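Assembly of the complex is requested from the two constituent chains, each provided in isolation within its own frame, with the hints serving as guidance.
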Amino acid sequence: MRAIRYSFGGDEHVFAEIDEEMSLEAFFKGMAICRELGERRIAGVSEICPANASYLVRFDPDVIHPNTMLSTLKEIEAEVGGAELELPTRIVEIPVLYNDPWTRETLMRFRDRHQDPNSIDLEYAARINGYASIDEFIAVHSGAPWFVSMVGFVAGLPFLFQMVERQKQIEVPKYLRPRTDTPKLTVGHGGCFAAIYSVRGAGGYQLFGITPAPIYDPAQKLPYLKNFMVFFRPGDIVKWKPISREEYDRDVEAVEAGTFDLTIRPVKFSLKAFHSDPGGYSRRLVEVLHGH
Amino acid sequence: MAIEVIKPGLATSVQDAGRPGYYHLGIPLSGALDQYALHAANLLVGNEEGAAVLEATLLGPELLFRAPAIVAVTGAEATPKVNGETRPRNESFAVRAGDRLTFDYMKAGARSYVAVAGGIDVPPILGSRSTYALGALGGFVGRKLAAGDVLPVGSAAASARPGRAFAADLVPTYPKSLELRVLPGLYFHRLTEESAKTFFEDTWTVAPEADRIGYRYRKGRTLKFRERKQPFGAGSDPSNIVDAGYPYGSIQVPGGLEPIILHRDAVSGGGYAMIGTVVSADMDRIAQMQPNNLARFVAVDMDGALKARADYRSRFARMVASLR
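Heads up: the sequence lines are chains C and G, in that order.
116 is the number that our numbering gives to position 116 of the first sequence; each next residue is one higher, with no gaps.
134 is the number that our numbering gives to position 134 of the second sequence; each next residue is one higher, with no gaps.
Since the hints were derived computationally from the structure, they do not count as laboratory data.
Keep in mind that this is a model prediction, so the values were computed, not measured.
One or more hints might be untrue.
Among chain G residues calculated to face chain C with C-beta under 7 angstroms, some are [as the list claims (entries may be wrong)]: (1) 24; (2) 25; (3) 133; (4) 135; (5) 185; (6) 186; (7) 189; (8) 213; (9) 242; (10) 243; (11) 247; (12) 268; (13) 270; (14) 279; (15) 304; (16) 306.
Cβ atoms here follow ideal geometry from the backbone N, Cα and C, with glycine treated the same way.
If we strip away everything but chain G, and leave its shape as in the complex, we get (with noise of 0.2 angstroms):
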């Protein structure tokens, strides 16, 4: 079973539930940037917890199946089509040998994932199938999809059906403005008492530069850290560190101008001051994300976090709960 690329989309990459282990070396995490739509597109097909799927940005690619095959698409508001017919977003659906997928223009969210029955099969690196593509590591040849690449798709589980669904009112929604919980810290204590506040205040704008690797955002005001004599080593404007290791979700500010949250393909560390990480429960948040979406940004302390978790946590329970 194979499918053929005959659109890449945007950037395409094959993507499953990351590589952990390895970010002292400078290789993260990776792995689908929502990973509550990655666990949902392969349950409803059928496939383990961990199996590989695509993740389409912006806009779809365009798929030849040369099987049949049982498919499910979650994430991003972009309907599904087959041939040009309508399939349903969050529901498994079959597809016979030779038939065409393609996806409408996302209307909300910025990141649609294709499971099929039997996982795309490339092989583990380093323990995943995830693409790394700064390091030309794992998923199809170490790069996101080009037209006319053929992946190669494992055995389907006996379960594998069409018409498996969640109930709908578990489906997330992606709105277009949106807030962010935030943990302040790490060097939180470096901005001025003015840019603490309003870092909070303002509406902040997803900017064009949101990828995998970061997402930044602009239109807040700029913010000021506070003047001192530099560190050793630290370098010489006063957002510099001492290069130091960046959290997955860390909130850094070069010069002041524009906040940028990392995101699975972060780069592992660096030399400008982190303000504060954006809690994991909100983390496929971003990843749903438009250039031009508007977030604010919420403080909350490590029992807020927590709490955040653990309801991000119930919620995918509920929803599994609901499979039928």
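Next comes chain C alone, as it looks inside the complex (with noise of 0.2 angstroms):
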């Protein structure tokens, strides 16, 4: 990997390209670079964003002038460059109701604003993916786990990136002019990332299904919840559970009683592991979160 690019955002941030294009290796170092910059406890610095393939930093240059902060980043990349990959976090399963009749409503009021406007979304995303069906679809996209790689845009909201060979991602353009509304909890795609849309409200990714599972709430109404409003870290990894209408009308009933919890489970993951067998690693990842 090329060395980072880093370029000041005004007197008060610091933007590092890791890389121009998506890869985990990418996302992996902007991580490591991050936990190490977040366990130094720099004075002035006030913000620490890991990114897709970049991050941000922002500082108080009256604490830390610009050149000392850059040259800190700078060092933490050289330290870091040739450390193992590995990351400990946790492995959740979220459940999603596919082709729901929320998104299906949302996506035929916006069809003039989309690329195929005979097709739904699903259609339109296995045709251009080359599945067979719908069906084939959701099975490869609820198949192997999926990485936060970024939580932002506006509160909660996780960007998910599908832990399979490159050619196997699942990329599809983002709406020719954004939807004035998306429904809150829309499991959505654009470009080679998946998105929960974690509040209601406009947007351009293509709509595939919908989660019960509240994934920001001020309340802090369920036990998942409790530590914090926002569920979602960078680093987190996902695995999609296809469920029934029954099963999504079950969970939303339990969501208002406050009973409805999420299976999450501690897993370490190593990139060099994942690479030697990726599909043979994702599955004994997906095995962590039922006990194994």
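Right, dumping it as structure tokens:
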């Protein structure tokens, strides 16, 4: 991988582009640097934001001079560069009702902004990615797990990157013109990234389904949101679990009763082990979810 | 003590110095867009630096005081009135129980700040009382104010009194045409040679789509990005990048059409190339721009940005020292 490109974002930010293109390596390197930077607890640093293939740091130049900030980041880059890329993290199962009535209603309302007004988003995505049917596409989407490679845009919204070889990655364009509405908790896809819309609002991603699991709640009603109002962290691993309408309705009732919970297990991810056998490594990760 | 909202104005919300530390989870800084006016208002009524105030945008609210209070109004040139009688801006004044505070239209500037001795006492969330409306977080039940809302006010400091003011020459003015200093960078190199020039040559007009998330500018020449084979994951338009974090003050130009400067309720990241960042010292001035005001962007280097920051600090210190 090439050297990181650094650029100041005004007098209060350093932006570090690890790579121009998305890859697990670039994401991992950014995570490792951000983790080390956080552990150093440097006075004046107020925000450390890892993203897909870059990261952003906000600092107070009255406390730490921009040149000192920059040289600190370069020093961490040099240290982390040769390190074994291992990430202690967690894997979580997120139930998804694919092809649900709510996102379907929404995507039909905005058909004039879509590349293919005569298909639904799932049919379109399946076709341009070479799958014969929606079911086949859903099996691939919910097969290998995904990394949360960035949290943001709006509060708590995860971007996810599937843990498969590049040629197997699902790629779709964004809508031709953004929609003005997207249901809360929609599972969407744009470029090579999946996302869960944490709040209702505008958006341009293709719409595949909806999850009953709230992922952002300032009231923190559910057990897995008790620690913090935002559920996802960069580095989390997600496995989508296709569910039926009956299961969805049951989950929504449990959410309303405050009893809904998610299956979450700690795991350690090794990039090297993943690369030596992507399929097998992913399967073993998913087995952790179910107690094997 | 409480204040009842009779009319909310166009977009009035509870704001303070902001909520740093959660941008990596998509929760932006928030807080008063014009921090100079925020701190000035709090000083005038004897509040602590971080106290919460009301930020009114373009059209001020009508407020009913249920108990006596010391109040100060800073920011935009909009005359405050108590029961229809004019009160000074940038000077504390007293209101009685049952008094109504209203505002004339904003002659210049886009945001008024109303500080009340004791501060607006909504519960702090993640260390701040600021409203982040997109995430329904903080402030008064997570949203801008509506008619009928009743705002709690904390206990006033013993030092709170009417008639406190700053030296008049240290009160900011809000010109309808100004220069904004920009540190080029981030993805500036993605612009064509010509667009890298025209961006700084053209005069840009504030669009109606200018809010706490970002300020949109139009009427400059379309900006072109260098053609390239787009990197994997970046999206097909040449203005697209692999989704990345957006600095506060960063300038993105979706499709090359209209530059957007992100402010304190920023979307924290996305896939549009940022071509530079407005220096921190000029963010308050953006907050006071009305739709149709004009801006030119002026390139500065880091030394220029730090000099602007030092000047801002020194002006603020002089204002504080002139408090009487």
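Now the hints, each set against the structure:
1. For the restraint placing residue 24 of chain G at the interface with chain C, the shortest Cβ-Cβ distance is roughly 4 angstroms, inside the 7 angstroms limit, so the hint holds.
2. Satisfaction of the interface hint for residue 25 of chain G is found here, the shortest Cβ-Cβ separation to chain C being roughly 4 angstroms, below the 7 angstroms cut-off.
3. Given the 7 angstroms rule on beta carbons, the hint for residue 133 of chain G is violated: about 11 angstroms separates it from the nearest Cβ of chain C.
4. At its closest, the beta carbon of residue 135 of chain G sits 4 angstroms from a beta carbon of chain C; the interface hint therefore holds under the 7 angstroms criterion.
5. The beta carbon of residue 185 of chain G is positioned within 7 angstroms of a beta carbon in chain C (closest approach about 4 angstroms), and the interface hint is therefore held.
6. Among the interface hints, the one on residue 186 of chain G holds; its C-beta lies about 5 angstroms from the nearest C-beta in chain C, closer than the 7 angstroms criterion.
7. Because the beta carbon of residue 189 of chain G sits about 9 angstroms from the nearest beta carbon in chain C, more than 7 angstroms, this interface hint is broken.
8. Interface restraint check: residue 213 of chain G against chain C, minimum CB-CB distance 10 angstroms, threshold 7 angstroms, status violated.
9. The interface hint given for residue 242 of chain G holds, since its Cβ lies 5 angstroms from the closest Cβ of chain C, which is under the 7 angstroms cut-off.
10. With a least beta-carbon distance of about 6 angstroms to chain C, the hint placing residue 243 of chain G at the interface is held under the 7 angstroms criterion.
11. Because the beta carbon of residue 247 of chain G sits about 3 angstroms from the nearest beta carbon in chain C, less than 7 angstroms, this interface hint is met.
12. The beta carbon of residue 268 of chain G comes within 4 angstroms of a beta carbon in chain C, closer than 7 angstroms, and the hint placing it at the interface holds.
13. With a cut of 7 angstroms, the hint placing residue 270 of chain G at the interface with chain C holds, because the nearest CB-to-CB distance is about 6 angstroms.
14. Checking residue 279 of chain G against chain C: minimum C-beta separation of about 5 angstroms stays under 7 angstroms; hint holds.
15. For the restraint placing residue 304 of chain G at the interface with chain C, the shortest Cβ-Cβ distance is roughly 9 angstroms, beyond the 7 angstroms limit, so the hint is violated.
16. Checking residue 306 of chain G against chain C by beta carbon gives a least distance of about 6 angstroms; that is within 7 angstroms, so the hint holds.
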